[in-house]
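Number of protein chains: 2
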Amino acid sequence: MVQNKAFIYKSLPNGWPVPDKNLTIEDIGFDENAAPPKGGFTTKNYYVAYDPSQRGRMRDPAIQSYSPPMNLGEPVISVSVIGKVLRSDSSSIKEGQIVMMQSSGSESYSKKDESAVKTTQIIEPKDGVPLTAYLGLLGMTGMTAYGSLHEIGKPKKGDVILISAAAGAVGQMVGQIAVREGLHVIGSVGDDRKLDFILKDLGFTSGFNYKKENMADAVKRLAPDGIDIFYDNVGGELLDVALANMKLFGRIVACGSISTYNNAKETTPYGVKNYGAMVRKRLTWQGFLVFDPNIVQWRKERDENITKWIQDGSFKSIDHVTEGIDNAIEGFLGMLKGENLGKSILKIADPE
Amino acid sequence: MVQNKAFIYKSLPNGWPVPDKNLTIEDIGFDENAAPPKGGFTTKNYYVAYDPSQRGRMRDPAIQSYSPPMNLGEPVISVSVIGKVLRSDSSSIKEGQIVMMQSSGSESYSKKDESAVKTTQIIEPKDGVPLTAYLGLLGMTGMTAYGSLHEIGKPKKGDVILISAAAGAVGQMVGQIAVREGLHVIGSVGDDRKLDFILKDLGFTSGFNYKKENMADAVKRLAPDGIDIFYDNVGGELLDVALANMKLFGRIVACGSISTYNNAKETTPYGVKNYGAMVRKRLTWQGFLVFDPNIVQWRKERDENITKWIQDGSFKSIDHVTEGIDNAIEGFLGMLKGENLGKSILKIADPE
Numbered sequence: 001m002v003q004n005k006a007f008i009y010k011s012l013p014n015g016w017p018v019p020d021k022n023l024t025i026e027d028i029g030f031d032e033n034a035a036p037p038k039g040g041f042t043t044k045n046y047y048v049a050y051d052p053s054q055r056g057r058m059r060d061p062a063i064q065s066y067s068p069p070m071n072l073g074e075p076v077i078s079v080s081v082i083g084k085v086l087r088s089d090s091s092s093i094k095e096g097q098i099v100m101m102q103s104s105g106s107e108s109y110s111k112k113d114e115s116a117v118k119t120t121q122i123i124e125p126k127d128g129v130p131l132t133a134y135l136g137l138l139g140m141t142g143m144t145a146y147g148s149l150h151e152i153g154k155p156k157k158g159d160v161i162l163i164s165a166a167a168g169a170v171g172q173m174v175g176q177i178a179v180r181e182g183l184h185v186i187g188s189v190g191d192d193r194k195l196d197f198i199l200k201d202l203g204f205t206s207g208f209n210y211k212k213e214n215m216a217d218a219v220k221r222l223a224p225d226g227i228d229i230f231y232d233n234v235g236g237e238l239l240d241v242a243l244a245n246m247k248l249f250g251r252i253v254a255c256g257s258i259s260t261y262n263n264a265k266e267t268t269p270y271g272v273k274n275y276g277a278m279v280r281k282r283l284t285w286q287g288f289l290v291f292d293p294n295i296v297q298w299r300k301e302r303d304e305n306i307t308k309w310i311q312d313g314s315f316k317s318i319d320h321v322t323e324g325i326d327n328a329i330e331g332f333l334g335m336l337k338g339e340n341l342g343k344s345i346l347k348i349a350d351p352e
Numbered sequence: 001m002v003q004n005k006a007f008i009y010k011s012l013p014n015g016w017p018v019p020d021k022n023l024t025i026e027d028i029g030f031d032e033n034a035a036p037p038k039g040g041f042t043t044k045n046y047y048v049a050y051d052p053s054q055r056g057r058m059r060d061p062a063i064q065s066y067s068p069p070m071n072l073g074e075p076v077i078s079v080s081v082i083g084k085v086l087r088s089d090s091s092s093i094k095e096g097q098i099v100m101m102q103s104s105g106s107e108s109y110s111k112k113d114e115s116a117v118k119t120t121q122i123i124e125p126k127d128g129v130p131l132t133a134y135l136g137l138l139g140m141t142g143m144t145a146y147g148s149l150h151e152i153g154k155p156k157k158g159d160v161i162l163i164s165a166a167a168g169a170v171g172q173m174v175g176q177i178a179v180r181e182g183l184h185v186i187g188s189v190g191d192d193r194k195l196d197f198i199l200k201d202l203g204f205t206s207g208f209n210y211k212k213e214n215m216a217d218a219v220k221r222l223a224p225d226g227i228d229i230f231y232d233n234v235g236g237e238l239l240d241v242a243l244a245n246m247k248l249f250g251r252i253v254a255c256g257s258i259s260t261y262n263n264a265k266e267t268t269p270y271g272v273k274n275y276g277a278m279v280r281k282r283l284t285w286q287g288f289l290v291f292d293p294n295i296v297q298w299r300k301e302r303d304e305n306i307t308k309w310i311q312d313g314s315f316k317s318i319d320h321v322t323e324g325i326d327n328a329i330e331g332f333l334g335m336l337k338g339e340n341l342g343k344s345i346l347k348i349a350d351p352e
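Protein chains in written order, with the UniProt record's numbering: chain A, 1 to 352; chain B, 1 to 352.
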């Protein structure tokens, strides 16, 4: 047996997860000599993606939602984990390959049974494309951003797009893609460091810090002729302001409504009043999940375009990397609190 | 000169229009011997459609909206007026034809110039189809209902549809079409007379009087498994209840939000809180105008199906007819106040 440190979902959090109480780091052990599960494989893991949806899965199993609840006492499930195959009993996955596993544990070593094979993606390393890009722009978050922006947002060159939580994992990717496609890209963020980030690092056209400037004033100032696309990660007051400022036939991409689900038991969500604009301006407002067929159909185009854009340097995969599984809790809370700039990633080991 | 009584937009209403102050009946005269305008035609009118959007056009011209404001001192503009051609200088419109004119005055006789020809529809009388059907199911209201229900609502047999203002001009047509196409049709109305009407005359599956039963309770009771389509003419609290009860991938057809524009200066619109369902349930919510290409494309199918359904008796064109232009104000206010059952129509003269 070798040490197999894992990031464990220990007990049900009430509000913000408490380190060492709700979340722990524990050695769950790994037998490097054991055969892989029948039809499955084992891995040594390099990178684990953090994602806000992980918090939603830390819930009372009686509460229904679109993703299943996590199991207490087990490693925290990540949307995507990248590792190297140690041993394999599967005909389609070979020893030494780099793989990305879906809905997999935050742990140093993994044992995957046969059922995991069909959702595991083999990564062919490409020059100039870092492995971490597969957790971001080339992973689920990038698929979310690329698919929904195109399928629901229907961007055209010159369109004005407003993005809420613009420095967040999805927001920053939507913004980068929109910049690349010639849109006028406006970001809303909650602090000046993030404002610098979207303007200087990501190349947004403009942006504002909603804690410093009234949202309605900011949107009027930055989009005096109105908004074609509102990419909404938040809901709440900015959604209301956006509705009031949409152009005719504008599109609202409903990616998230964080403002309605944080502390949902304690506060009533902000009541949106300007929905009359849906009729008056003939708007379309649509929600989605990254697994929906209308989103997934953009995958090939996403893979080709984003790979090309990363390789030619016109695009950056910007990551916030937490080093070492011992710091996994801290990195997770930083992501939840919106302190991390770029895609939040836990690095377990250097790729060999 | 003969008498040409007209329903006149006299002065800007503040709230409910006041008879004899904001709206009047006046003789504007008509010279039956005068030649028609160059390239145009003259008509003797039979029927004039009432429509809630007429109130929106009685506004300060400085306020922008999708339809132009009406001109003070002129006949009230109606979406559709049916009459017989008296004289014509147009090559495409002939004396004696029955025509339906768009955006035309509420008056006994009309003089139409060349620009009106392209929006004027020649009605070929069909057995078993009353002329008034062309103001309703076969007119703009029916186009609104048929086009939006199919384009945005995407109805499938067995779907559960909830319709607000279900006894209103659009609501009752949506309901009849949905019944005919095998949906489970639930109507929300504001009095028991209307409830009787949608259940007994229109064949809705079920319905409730929201003034007598809590909306959330009623929707839970009548749609325990949720709603596939919410056809929204009203906005407000029922919209919030609908959002909370939509099924996955449900569709919201934003046809109107009367609750947000009546008395808009005096009260704050109801704040909708359950929009988080847009993301969680991957809903689509879309507004439209009947002139939009995606709605108009359903015209041929609408004409064929509705004509067939009226002729075979499976469908009723249910009208609320105000007799005589002297009663035009009363009929208009009844329509605005929601007192009229069926499509509200002003009859000026019997077809000859």
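Please note that the accuracy of each hint is not assured.
The list treats identical chains as one, so a pair stands whether inside a single copy or across any two.
[What the hints assert, rightly or not] The list that follows gives simulated cross-link-like pairs (lysine-lysine, DSS-like), each with its CA atoms no further than 30 Å apart: (1) K273 to K211; (2) K118 to K10; (3) K154 to K300; (4) K94 to K247; (5) K154 to K111; (6) K156 to K44; (7) K281 to K300; (8) K94 to K337; (9) K211 to K21; (10) K94 to K154; (11) K111 to K44; (12) K273 to K10; (13) K154 to K273; (14) K337 to K157.
By construction, these hints were calculated from the structure, which means they are not laboratory data.
Unsatisfied constraints (hint numbers, rising)
4, 5, 6, 8, 9, 10, 12, 14
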